[in-house]
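Student: Residue strings, one per chain:
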Amino acid sequence: MHVYRFDPKLDGSPRRVTYLVPYWPKMRVLEALRVIHETHEPLAFRSCCRAKLCGSCAMTLNGEPGLACEVEASDDMVIEPLAGFPVLKDLIVDFGGVQSNLDSLQLQPTRHRCFNLKPKSISLDAIEQMKKFSCCVWCQVCNSACPSFRNAPGEFAGPSLFTQLARIAADPRDNASRQEQAHSLGLFNCVGCFRCEEVCPYDIPILEEAIERFREKCFNVKLNPRHTEVFLRLVRDGGLIDSSRLFLKTRGYPSISELPWAFQLLSRGKASILAKKGIQSANQIRRIFEAQRMFTN
Amino acid sequence: MNVAGAGGPFLPSKRIVETDLVVIGAGGAGARAAIEASKSSSRVALVDKGLFGKSGCTAISIGGISVAILPDDSPEIHFRDTVVGGEFLNNQRLVDVMVSEGYDCIMELEDFGMVFARQQDGGTLRLGQSGGHSFPRVLFEFYPDRVGMAMMRALRGEVIRRRIDVFEEVIITDLLKSEGKVVGALGLDCKTGEFIVFNSKSTVLATGGAGQLNGWETVSAITTNSLQNTGDGHALALRAGAILMDMEFIQYMPMGFVYPKIVHGVGLGEPGFESIVLKAKLYNAQMERFMKRYEPERWERTTRDKLTRAIATEILEGRGTEHGGVYYDYRENPDYPKDRPYRYRLMTEYASVDPTKELIEGAPTWHYFMGGVRIDQFGQTSLEGLFACGEVTGGIHGANRLGGNSLLDTQVFGVRAGAAAARHASKTKLTPPKDLQVSEHMKRWLHLLSVEKGIRPFKIRRSIQSIIISKVGPFRNGAGLAEACDELSNIRLNQMPKLKVAGSSLAYNHDFIEAVETLNMLDVAEVTVSAALTRRESRGAHFRLDFPKRDDGRWLKNLLVSREDAGLKMWTEDVVLSKMQVGGEPTE
Chain P
1 MHVYRFDPKL DGSPRRVTYL VPYWPKMRVL EALRVIHETH EPLAFRSCCR AKLCGSCAMT
61 LNGEPGLACE VEASDDMVIE PLAGFPVLKD LIVDFGGVQS NLDSLQLQPT RHRCFNLKPK
121 SISLDAIEQM KKFSCCVWCQ VCNSACPSFR NAPGEFAGPS LFTQLARIAA DPRDNASRQE
181 QAHSLGLFNC VGCFRCEEVC PYDIPILEEA IERFREKCFN VKLNPRHTEV FLRLVRDGGL
241 IDSSRLFLKT RGYPSISELP WAFQLLSRGK ASILAKKGIQ SANQIRRIFE AQRMFTN
Chain E
298 MNVAGAGGPF LPSKRIVETD LVVIGAGGAG ARAAIEASKS SSRVALVDKG LFGKSGCTAI
358 SIGGISVAIL PDDSPEIHFR DTVVGGEFLN NQRLVDVMVS EGYDCIMELE DFGMVFARQQ
418 DGGTLRLGQS GGHSFPRVLF EFYPDRVGMA MMRALRGEVI RRRIDVFEEV IITDLLKSEG
478 KVVGALGLDC KTGEFIVFNS KSTVLATGGA GQLNGWETVS AITTNSLQNT GDGHALALRA
538 GAILMDMEFI QYMPMGFVYP KIVHGVGLGE PGFESIVLKA KLYNAQMERF MKRYEPERWE
598 RTTRDKLTRA IATEILEGRG TEHGGVYYDY RENPDYPKDR PYRYRLMTEY ASVDPTKELI
658 EGAPTWHYFM GGVRIDQFGQ TSLEGLFACG EVTGGIHGAN RLGGNSLLDT QVFGVRAGAA
718 AARHASKTKL TPPKDLQVSE HMKRWLHLLS VEKGIRPFKI RRSIQSIIIS KVGPFRNGAG
778 LAEACDELSN IRLNQMPKLK VAGSSLAYNH DFIEAVETLN MLDVAEVTVS AALTRRESRG
838 AHFRLDFPKR DDGRWLKNLL VSREDAGLKM WTEDVVLSKM QVGGEPTE
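Residue numbers (this note's numbering), protein chains in the order written: chain P, 1 to 297; chain E, 298 to 885.
Bound-form chain P, shown alone (with noise of 0.2 Å):
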C-alpha cells in the first residue's frame, strides 16, 4: 500500500511510502492503517467509531473520497489525505473552513419562548424530508468529490452544508430563511455532476433534494442570479444555449478581463463573435414559456 506522508515540521514537501501488509478477508483500509502504526512507523490519521458512525476517518482510497473504515482494502492501493482541505499530517486534514460555515448558519429552530415543555406537533410529512438528510454524519467525503468546491470553495460551500441545511429547512419549527442562506453559500454554482451522492456513505439525495429544492426555493422569491435568468431568456429566445452570448450577457463589462482567454476559444473554433441561429421550432419552446408565464416581457 502506498501512503501519503507529510509532517509540516520535518519535510519540506509530501512524500509516498509503500507498505508491505498483511491481508485478511473484508479488511478494511482502517485496519491497514493501523497496522503499518504500528508494525512500520507512527502514522498521523483520525478514527473514533469504526463502523461509519462518526464520519472521522475520510480520505482519498485510489483517488475517490471515502471512509477508512468501510472502504475494502486493496493491492496497491494509494492512500492520501482527503482532497479539497488542507493537510495538517499525514492523513489528518483540516475541517477548519467548513466547519466555521456550518456553524454560522446557526442551524436551530426559531425559539419564541426560551424553553417549551411539551413537544410541538410535527407532521409526519415533514419528518419523512428531515429524515433524508438526517443521516449525514458530516464526514466531508462529498464536498471532496465535488469540481465546484475543489475548484473555487470561495464560492461554492460544498454539498455538506447544503445537507445540513436542508435538514433544518424541513423543520417546520424554523422560521429562518435559509434559502438566503443557501444562496449566500454558493446555491447556484453547482454544476449538477452527481458526484457528491455517488460518493455519499449514506446515499443522501444531495444534489436532488438539497440542492435543486432551494434552488426551486430561490427562484420562486426572486432570488435567481443572472445566470439562470440569462440562461433562460436564451432558451426561449432561440431554443438553444448560445454558450458565448451566455457568458458575455451574464458577466457584462467585467468579460472584457477574459479577453485572451476569448481569442484562444476562438482561433480554435470554440467559440464564435456571430450569434447563433435560432432552432426552427423555436416558437413552440417560446410556448411553453408562455403558458408558463415565464419572462413573457
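What the hints contain is simulated information worked out from the structure, not anything from laboratory work.
Be aware that one or more of the hints could be misleading.
[As the list claims (entries may be wrong)] Below, a list of computed lysine-lysine pairs in the DSS-like style, where the Cα atoms sit at most 27 Å apart:
| id | chain 1 | residue 1 | chain 2 | residue 2 |
| --- | --- | --- | --- | --- |
| 1 | P | K26 | E | K654 |
| 2 | P | K131 | E | K756 |
| 3 | E | K558 | P | K26 |
| 4 | E | K731 | E | K488 |
| 5 | E | K756 | P | K26 |
| 6 | E | K478 | E | K740 |
| 7 | P | K132 | E | K654 |
| 8 | E | K740 | P | K9 |
| 9 | E | K654 | P | K131 |
| 10 | E | K488 | E | K797 |
| 11 | E | K654 | E | K558 |
| 12 | P | K131 | E | K635 |
| 13 | E | K797 | E | K756 |
| 14 | E | K795 | E | K756 |
| 15 | E | K589 | E | K576 |
[What the hints assert, rightly or not] Here chain E is said to cover these stretches of chain P; the calculated rule only asks that three of the stretch's residues, wherever they fall, bring their Cβ under 8 Å from a Cβ of chain E:
| id | region |
| --- | --- |
| 16 | 89–95 |
| 17 | 127–140 |
| 18 | 229–235 |
A virtual CB, placed ideally from N, CA and C, is assigned to each residue, including glycine.
With chain P's structure known, arrange chain E on it following the hints.
Tutor: For chain E alone, coordinates are given in the frame of chain P:
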C-alpha cells in the same frame, strides 16, 4: 478568556487559559454541562479529545433515552425499575434526581433542535420498550437508530450559539491542584504539540467510560464504545485523590457483532428491546431458543446482565456459532431495514448478512461502566472544585444499568453539574496552579519522547487489555482476579518505566495520546480488578463463580476506592436507601 504564553527555560512553550470552568470531555454530558454553566454567564472552556460532535459515546449511540411519559407511568415507577434493575446498589438520591428532572432536561433537547419520533398525530411522542422497564419509555429520533448523532448535533448547535470556547483535539493529561483544591487541568493540544494549562475555578469531568479495556481486535477493543473511551476521567480523578465507587461493575451489551473484525463489538441492539419491538429471537448453534432455560418467564425480555451471562454460558459450553456467538433471528420482521436503517446497513455492508432472510451472529461486548467518580446530587466529587457527570460517575445505575438510562443520566447530571460548577465558580477566586507542579508534569510526559530502547504504548495497552478480557469478563473468580492483580502490578513495575513515544514532536503524535491513555487504562484496570476481587458475592453485572449468590447481609454496600501514596485504599459504605428498602416500594 486570557491567553498568555509563558515558556520555561528548558520546557517547550505552554499556553495558559484562564477561565471560570473547564469541562473535560465534550460528549452528551460535557456539552450539556457547558451549556448549563454558560447560562449563568460563566466563561466556559469545553475540551474534546477528538472532533467536537464526533468523538465519545453519545455521538455513536444507537439506543434511546428513557423517560416516564405515558399517563399510567410515573417517575416513581421509573425509580423503582431503575433501583430493582441495579439490584439496590444505586444511590437513591441520585436516581430520584434523574427520574424526576429527566423530562424537562430531555424536552429542552427539542428546543436545541432535536426531534424525537412522533406518532401519526405529529404531537404524541413514540416510545420504545427496553428490558427491565415496566412501561415503554425509550425516546428515539425519527431516524430510528441514530439518536446519539441527532443529540450531539443539537447540543453542538447550542454550544456554538452560546459562543462557548471549544478546544478540539486536546487531551487532558493531569488535573492541577492547589492546597487540596482542583484548580484546573494540564492538556496537550494535539494539533500543535503545545501544552495548555487550563486554570479554572471549577473543573467538570465528563470523559465517559473505558470500553477500550476489553481486549483487542484489529482497530479497537471489543466494545460498543468509541476509540476515545479509555477511562481518562476515572484515572485523572484517581490520581488527583478523588473517591471512586462501584468500579467492579461493567455492563456488557448482550449482543454485538462478532465479524468482520473491524466491527467486532459494535452493538446489534438489546434483545429485550428488539424482541418486543422487532420480534427478534435468540438461538444457539443447535437452533434452540436457549433463553427459556435461563429465564422461563421473560425469555429474551430480561435485563442485560442476565442475557449476557446466558449467552456467554452457551458459547463457553460449546453451543456457540462459527464465529463464537449465538444467532439473532430477525426474519419474522420484514420491516427491519426501515426500523433499523443504520444497523441494516452494517449487517449487509460489513457482515454480508440480510437479516430479513438470514440469521446474524452476535456475542456480548463491553458496553457501560456503572462505576466511577463518586458524586452527590449536584455532581460534586469528593474534591473541592471538581465536579463530574455522565458515564465517568458512579452510583446512579447500581450494579446494572437499564436501557436508555445512560443518555438520560448525561443530560440530567450534565445540567446539575454544570449549574453547580458555575455556582462554585461565582463564589471562588481564581487560584493559579504551582509552576513547579505544572513543569514536573510536563517533564514527565516529555521524557517519554527521549526514551531510546523502550516499549511503544500499544504493546503495553495490549497486555492490559488481554488481562481484562480473559479475567474480568462477565464471569469472574477469585483465583483469576488475583492473577490479574499480579499481572497488572508486573506491568506497572516492569513495563511502564520503559514506556516510550515514537516520533520527534508531539503534534498529531498518536503514540503520545496512546501513552496517556495507556497509563489511564492501567490505573482503571487496577482499581476494577481489586474491587472485583474484594466484592465476594454476585450482584448485577458482577458475577463471581466462587460466590454465585447475592449476599445482602454483607454486601448491600458500595465499595469505595481512593489512591494514596501507599497504594489503593478500599472501604465499604452503606448504600443510600433514602426512598426504598430492599424488596419494598418507594416511599415519599
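Student: Now tell me, hint by hint, if it's right for this structure.
Tutor: Evaluation of the provided hints:
For the hint linking K26(P) to K654(E), the alpha-carbon distance of about 21 Å falls within 27 Å, and the restraint holds. Proximity of K131(P) to K756(E) is assessed by CA-CA distance (about 43 Å); at most 27 Å being required, the pair is judged violated. Straight-line distance between C-alpha atoms of K558(E) and K26(P) comes to about 8 Å, which keeps the hinted pair within the 27 Å bound. As the CA atoms of K731(E) and K488(E) are separated by approximately 26 Å, the hinted pair is consistent with the 27 Å bound.
Distance check on the hinted pair: K756(E) and K26(P) sit about 25 Å apart at the alpha-carbon level, within 27 Å; holds. Simply put, K478(E) and K740(E) have alpha-carbon atoms about 23 Å apart, close enough for the 27 Å limit, and the pair holds. For a cut-off of 27 Å, the pair hint linking K132(P) to K654(E) stands: about 26 Å separates their Cα positions. Proposed proximity of K740(E) and K9(P) is supported: the alpha carbons are some 22 Å apart, at most 27 Å.
Simply put, K654(E) and K131(P) have alpha-carbon atoms about 26 Å apart, close enough for the 27 Å limit, and the pair holds. The hinted pair formed by K488(E) and K797(E) meets the criterion: a straight-line CA distance of about 20 Å does not exceed 27 Å. This hinted pair checks out: K654(E) and K558(E) have alpha carbons roughly 23 Å apart, not beyond 27 Å. At most 27 Å may separate the alpha-carbon atoms for a hinted pair to count; K131(P) and K635(E) meet this at roughly 12 Å.
Pair hint K797(E) plus K756(E) holds up; C-alpha atoms about 11 Å apart against a cutoff of 27 Å. Taking the CA atoms of K795(E) and K756(E), the gap is about 11 Å. The hint holds against a cut of 27 Å. Pair hint K589(E) plus K576(E) holds up; C-alpha atoms about 15 Å apart against a cutoff of 27 Å. Requiring three or more residues with a Cβ within less than 8 Å of a Cβ of chain E, the coverage given for the region 89–95 of chain P holds, as 4 such residues are present.
Residue count for the region 127–140 of chain P with a Cβ under 8 Å from a Cβ of chain E: 7. That meets the three needed, and the coverage hint holds. Residue count for the region 229–235 of chain P with a Cβ under 8 Å from a Cβ of chain E: 0. That is fewer than the three needed, and the coverage hint is violated.
Figure legend: structure checked against the earlier numbered hints; hints not met, in rising order: 2 and 18.
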